[in-house]
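Novice: Given chain A's structure and the hints, the job is docking chain B onto it.
One line per chain: the protein sequences are A and B, in this order. Just so we're aligned, residue 69 is where the first sequence starts under the numbering used here, counting upward by one. Just so we're aligned, residue 104 is where the second sequence starts under the numbering used here, counting upward by one.
By construction, these hints were calculated from the structure, which means they are not laboratory data. Treat the hints with care, as some may be off.
Pairs of lysine to any residue residues, derived as SDA-like cross-links and limited to a Cα-Cα distance of at most 25 Å, are as follows [said to hold, decoys possible]: (1) B:Lys262 with A:Ile242; (2) A:Lys115 with B:Trp255; (3) A:Lys109 with B:Leu251; (4) A:Lys115 with B:Val208; (5) A:Lys263 with B:Asp112.
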Amino acid sequence: MLLSPVAECVLAFLFGSVVGLLVQRSRFCNTAALRDAILFKSYRNTKALLVAMIILTLGFTLFISVGAGNTLHFDVGLNTFAGLFLFGIGMVLAGACTVSTWVKCGEGNFGALWALLFTFIGMFLFSLVWSHTYWPPAPASMTGEPNLAALQLGFANAETLQAKLGIPAIFFGIIQAAVLFALYRAILRKEARGKAMHEKIAREHSTARPVLVSSAGAGGTVPQGVPATPAD
Amino acid sequence: MDLFRKTLDPVIALSAIAVLNIFMFLLIGSWTVGGGETMMTGLAAQAVLGEETLARIPFWSLVFEPDWAYWKMYISFGMLFGAFVGAVLSKEFYLRFPRRLNEWVLITIGGLLMGVGIRLAFVCNVSTFFGMTPEMNLGGYLSISGILAGAWVGSLIYKRILEG
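Looking at chain B on its own, in the form it has when it is part of the complex:
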């Protein structure tokens, strides 16, 4: 099958995703990832710390109450599954590890900043570009301004590390 032999044009892929996302918007809500990741964090924290300890952190009762039926989580599980199938069928699945220590450090800091940023804003990059801005939500324009400024600062740091 050609799909698994050649790289798909991202314009075609994203156009198809956009059309599907419109159906999602009509049925349950547009594509998002950050909310599902937060719910996974809550469920993981509940499993590790226990319900009583988690109940002492108001965020997990006032903002995100752990719930297995939170549909947004299943988009992320689906993406993991779909990517795995795509990688296996196109023979692109293999274990890869960052080689240098500074890569591990950058990924760690980057991951932490993404997690804090999503929760501070109540949105992730997916909601920004594929949900809020197409809905012409004021938050979409604030988010785009923030993510562009952040990506620019991040790129300067990244460039300096690449050169140094």
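Next comes chain A alone, as it looks inside the complex:
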């Protein structure tokens, strides 16, 4: 479907508004989805990210199978890995990613505005460096084929897989969604194990507590948390 530039901008604004509202109300954060899983073994945001990726994988590949949708088209290579590596460090240090900087700005967070300002400065500094190195290649000079001299692997996605192998993209999408679902299930199982352990510890404490309380009440000096024996 072809839309006029104004219609595209209005549609983008409406989409962004709903996203901003939902992210603000849910406190979802992409940085937290990765950082909290690594540092604190907390998966609230990670689970949401995985569910979204499952829905998107099935939706995108289904439409790609019938030749619909607007896929992203540009060559990738070492710069893709290196750029996101720097980005990953940056988002953890700044405590916000590209989404949460905008959302936190909307909540009145000046730190997020500062991060956004320096993201723009970082982009401008990169534009100066690129204008001397011309690496990674500009979109106009991308060929879609591997270019090892420029450390580029070319372009490939579900659409190209479908064209080369003659198998509908949704088939590959289902496999990827199954892998993502397995990750999601693994997190749920890990959380269930943690919850069961917490409940067990809580039960042990609640059975030990009356004895401790009665000892303390009688002027005993049993430290809290030490299981009391009947001899106490």
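Specialist: Same frame as chain A, but now just chain B:
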């Protein structure tokens, strides 16, 4: 309204965003933020430095030519607006400032690294998780590997700062 009194389950919020993103994918393209931010940088640089000075930096003619009709920018403006409305209606809007000097330093370095990283990769975290990987783009897997490695290194630095 319950939406503005209680925190929404992120699984529900992200599922709704994913469905909307599929419509965006069909109409104009999937959710992205980094490209729009780059265009804003170009437009800001044009306003500050002038068209002639900017024309001497090839990046702004070969990769990103400043253009107000670049739809990706308006997703970010929308997010700002939507978050503002959500924060005001739920009485969560108030001005917050980082308190300590090291917070300012971390945010500054983090912001710079995000900006350089997005432009070096041609993608941001949103395109990684909500665009390229669901399209099964080779770049999505490279990006996820990079962002996980970066988040891990960033977390180690962050932990050391927290402990130190």
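Novice: State for each hint whether it applies.
Specialist: Going through the hints against the structure:
1. B:Lys262 with A:Ile242: Cα-Cα ~37 Å, so violated.
2. A:Lys115 with B:Trp255: 18 Å, holds
3. A:Lys109 with B:Leu251: Distance of about 15 Å is within 25 Å: holds.
4. A:Lys115 with B:Val208: It is violated: about 31 Å lies between the C-alpha atoms, which goes past 25 Å.
5. A:Lys263 with B:Asp112: 19 Å, holds
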